[in-house]
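Q: Line order of the protein sequences matches chains A and B.
Quick note, the first sequence lines up with residues 10 to 416 if you use the numbering used here.
Quick note, the second sequence lines up with residues 10 to 416 if you use the numbering used here.
It should be emphasised that the hints constitute simulated quantities derived from the structure, not laboratory data.
Cβ coordinates follow ideal geometry from the N, Cα and C atoms, glycine included.
With beta-carbon atoms standing in for the labels, derived distance ranges:
#1 Ile48/B with Ile221/A: 29 to 37 Å
#2 Ala346/B with Leu72/A: 51 to 59 Å
#3 Val371/B with Leu370/A: 32 to 40 Å
Number of protein chains: 2
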Amino acid sequence: MDWIFYPPWAFFLASAGQPSELPLALLLVFGAAKLFAEIFERLRQPAIVGEITAGILLGPSVLGWVKPSDTMSALAELGVMFLLFRVGLEVKPSEILEVGRSALLVAVIGVMTPFFVGWLAAHALGYQWIEALFVGAAMVATSVGITAQVLASKGYLHHPASRTVLAAAVIDDVLGLIVLAIVSSLAQGGVNLLDLGLTALLAIGFTTIVAIWGNRLIVRLLPAIETNLSAMEARFNFSLVLLFALALLATYAGVAAIIGAFLAGMALAESVGHREHDLVHGVTETLVPFFLVGIGLYFDLSLLKNTTLLGVASLITILAVATKLASGLGVWNRGRADVFRVGIGMMPRGEVGMVVAQLGLVLGVISSQTYSVVIFMAIVTTMIAPPLLRLAYRGQECRPSERLQIV
Amino acid sequence: MDWIFYPPWAFFLASAGQPSELPLALLLVFGAAKLFAEIFERLRQPAIVGEITAGILLGPSVLGWVKPSDTMSALAELGVMFLLFRVGLEVKPSEILEVGRSALLVAVIGVMTPFFVGWLAAHALGYQWIEALFVGAAMVATSVGITAQVLASKGYLHHPASRTVLAAAVIDDVLGLIVLAIVSSLAQGGVNLLDLGLTALLAIGFTTIVAIWGNRLIVRLLPAIETNLSAMEARFNFSLVLLFALALLATYAGVAAIIGAFLAGMALAESVGHREHDLVHGVTETLVPFFLVGIGLYFDLSLLKNTTLLGVASLITILAVATKLASGLGVWNRGRADVFRVGIGMMPRGEVGMVVAQLGLVLGVISSQTYSVVIFMAIVTTMIAPPLLRLAYRGQECRPSERLQIV
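Isolated chain A, as found in the complex (with noise of 0.2 Å):
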């Protein structure tokens, strides 16, 4: 265990140290996590919000009672897994495909636009251009898994609205990679494009085939594996061997873990029943705290002191909003509320923005200036877009009958 906590009182309890060490930790991110979102939900903000700030409260620029660990990233990473096969369970396909066109309108302006803009301007605040890059970069990101959460706990998943967000958000992530090697070759040396294309044809190669077949693969597999296995809650079981190995396989094509989450639950999503879904589900609400959360620890506030850091802060932050909003364009033949919806929905950057700032603080391109900048820019995004969803689908809910069906 190296969860690092300080809180005073732990000293005057603790018997033995370590066999405490564990629970504490898992009372103090959930506990905090659970009475945040009350808080903010009868302050009628969204339950998400405030479990990100818990997150910041007890992180190391606060209360410093938790910091970020092995342990707690392994936990989250495993929440927002399960976050994004639940998600996959819940949509089809077909109704992916159905969108593939605009979806990938979407994504290709919502990464070409942040990416130059970005860029852009933090050269022309004073950055080198390999940093500049960098910044581009994170801005590139979208982290589905906000709102996914927000779309799936409202039950808002089946608007037209949601599912291009879905699968512009796969696609963004495959751009994404691709934009980050290319950025991260530069930093190194020299692009090599035979890597490059191979990288991407990786990739698109992985995402497309899974998309496309593992659905129509599963549906014939499923029942033979069924009759034939004699161990108790074989399909759930199954399940989760499919998300475990696709999750490998997607971040061995070079795409998020979650992404082959995400694909998983969608093979699964004609396959399973609802058991299965009251399984994940359970699986789900007890480790998406820990992802919150975690996002939260890594806020740090002392970058709020520093006027001229703020501004840049703010400055970059209100271009990732602006250019994400653009990135809405794709849908406009669906009117303007759409475009916003869209424009919100891939907004949030989320763990994926500063897995790319710490790539960048890893490869010694980027100060910890501009790592603290892109983290500010990367948290306020993902804590404006859950309040700004909720306007924009405003009226939008299913009626509560369907609403029980699906969640």
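With chain A fixed as given, assemble chain B onto it according to the hints.
A: This is chain B only, laid out in the frame that chain A set:
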């Protein structure tokens, strides 16, 4: 992430290394566990033994694909906490208190016999007295998780023998704490009787108070809490907060976190419904394989090559089996069948015995050879209990309709 893997094919496939680490770990552990569960089911052996076997194979002693690590331990601990929580949810406190007297007798015999027999036997085998004391203390442990999993999955939880085992395991943990406190104090110098008395008082006080009053408090509080919470799945989230809080308090009181988890489940048994059962079951199904594989990881096959050591380990294991069987005599008035059911139910030492061995290693009072012997005893007793339990309970299944209601 600090899981360490060396599957040879990972080197060919992994692109970036880092992002595939967690999904690879999840797939290997969960996939292997379920594969072996299936194989063992087909051979008419308990699935649980298959999952531990998967851990032995994946572990450092055979394939070396997975090593014990912080993340692995955290998932395993979370898994066994949810397992005991789920079992607690199915047991009403009145059912446990009813069997309290016989359970106390079972626990006392089940602590004293293995401790003194283990200590004297180890001393007779040539161990120094402090090392022999630790062997005895490790033989005291009861891994209630293993027994609970077998009983719950087969629908035996409501049998009087099962309730006796659960109650005795809780008391066993408290008595085991006292034994371990004495032994560790001896290893570090001397026994402070005041400290020891306080330790015992705290452990007994916490367990008794929560077992007797927890349920009454929750039955009164929960309706009020529920009507006042506006967040979704409020009852489930409240249950998890209680679970983590009691697990933490249990460690502060000196007993194991899983005892707190069990007491939390029992306190909620009359207040939560099918929905919460299903959600908790999802988490349990997902994480318990990490607990079972985690036990197997510690197995050291090289011990089998050293004939003397293997002889010592086998003798200790036979004594460990016999002395816990003797604890079944606490229910001699209920007939021979129940004596066996209870005795076998108390048999697995699992992770609890291993923790004692590790403590001995850390305190520098047992050698690495003795450590291997204790681990061997802990794992073998854990693997022979499930098939014996199935034999002992044969014909005691609930009718399918009852079982559906329970599970």
